[in-house]
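Work the whole structure out from these sequences, hints included.
Spelled out, the chains give:
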Amino acid sequence: MSREAIIQEAIDTILKYDQPRAVQVAEQALAEGLDPVDILTEGFSAGIRKVGDLFGRGEVFLPELMLSADVMKSVTNTFESAIQGKSTQKKGKMVFATVEGDVHDIGKGIVISLIKTQGIEVIDLGRDVSVSKIIETAVQENANLIGTSALLTTTLMEQKKLEDELKKHGLRDKFKTMVGGAPATQRWADRIGADAYGEDAAEAVEKSLSLLNK
Amino acid sequence: MLIVGELINTSRKAINEVVEKRDAEYIKKIAMEQYEAGADYIDVNCGTQVFDEVETMEWLVETVQSAVQAPLCLDSPNPKAIEAGLALAKFGQPMINSITGETERFNQILPLIQKYKAKIVALCMDDNGMPDTAEERMNVAKVLYEKLTDGGVPEGDIYFDPLVKPISVAGNAGIEVLETVRLISQRYPNVHKICGLSNVSYGLPNRKVLNRLFVVQTMTMGMDGYIFNPLDKTMMGFVRASRALLGQDPFCMGYLTAHRNGLYDE
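Protein chains in written order, with our numbering: chain V, 18 to 231; chain X, 823 to 1088.
These are computed hints drawn from the structure, not numbers from a lab.
Wrong hints could be hidden among the right ones.
As the list claims (entries may be wrong) - Heads up, simulated PhoX-like pairs for lysine-lysine below, C-alpha to C-alpha not over 25 Å straight-line:
(1) K110(V) / K185(V)
(2) K133(V) / K987(X)
(3) K902(X) / K178(V)
(4) K177(V) / K835(X)
(5) K177(V) / K969(X)
Below, the structure is given as structure tokens:
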């Protein structure tokens, strides 16, 4: 099969959430000596972005969005050994956490699994994470992006605290920040000076990619 | 059956706008409509007003009480806002939404329950986060039950909320709640159960269908309280009909009243 045909197939398997066929396509790509990074980027990842688009338009629903990320995961597993050793460049590194005092992590999990499909390395600090821990990790890991989730109106203030602390330590320009969670809004992001707000998982993916391209 | 009308919540855009403008008439109207539609409690939640939540809570409580003589459910992550509301609540026994097994939250809220002799919504979650399975929920419920009753809270004032999560995210989210309700009814027969419904259908189309069916399913397992929109006639109609079918409605009088009130005209 030609590169074009494989790419088309790859997109199609994601749009149909067809895990066995997706893995088959990935294996075939490897067998034919195609560049796995190319097939991932132009094929499978493109499929995921398309699913994200459809989700945004209300034609695809949350379980399908999650399933597509699942299919993607088995594809990347298939490619992993082939990619290792090759000079694959991750698009960027992102530190992710649910803020201190907040134990909600369902949404964060969905966002992370989708962001990972786009070749962004994610360090998930889990839930109930202090601002200092988030900053510490971001500095240590030399991350490009910091994403925080807050699901309570009381813990939302932690997102502001993160911005304030970054500024205080002269680190604000080192990272891009993105906020999300039920009580967060674009207005909130603007008010505290975050670089982006993700309304839902699909938008979070889109905005992380565009922040990394800046 | 205890229905808490959920509409006065500033996370709803329309409410947030009128609260910011201090438009008392609109709030009074929503309070009255919910009460007339059969809500036993009126929920008051202004959690999005993070910068002046206490003051907003006071204004809302006074505004609602000027329209209806209904007991209130004070709903906030902020204990100061809850206490401000409790201090002003004057009709019936107030309700607090909510306490959890989280150490800090528990210690902040218990004194308020004791001081104001309030009913309490007890969320089945603790410092370990939000449970997935019925078993995990029951572990939290056990601790909460013991600590609340040790604190002098009467069993009948406790409303366990099993914590409803979206089935779009976890396929078992619905069944685990049903199992939890069954177990709570079995182990703590004098304690009540309450939940919100809309979470279950998050991320899916035709949410009303799922919400209405989930009301029937949870009631069958023994749920006896809900926080929802009482102006949703069909939903109220389902609750009344379900009560009649479960033998909780002598001579079907509640069902017939619902019929006469036009709850089944669709």
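Each hint tested on the structure:
| no. | hint | result |
| --- | --- | --- |
| 1 | K110(V) / K185(V) | holds (23 Å) |
| 2 | K133(V) / K987(X) | holds (24 Å) |
| 3 | K902(X) / K178(V) | holds (21 Å) |
| 4 | K177(V) / K835(X) | holds (22 Å) |
| 5 | K177(V) / K969(X) | violated (35 Å) |
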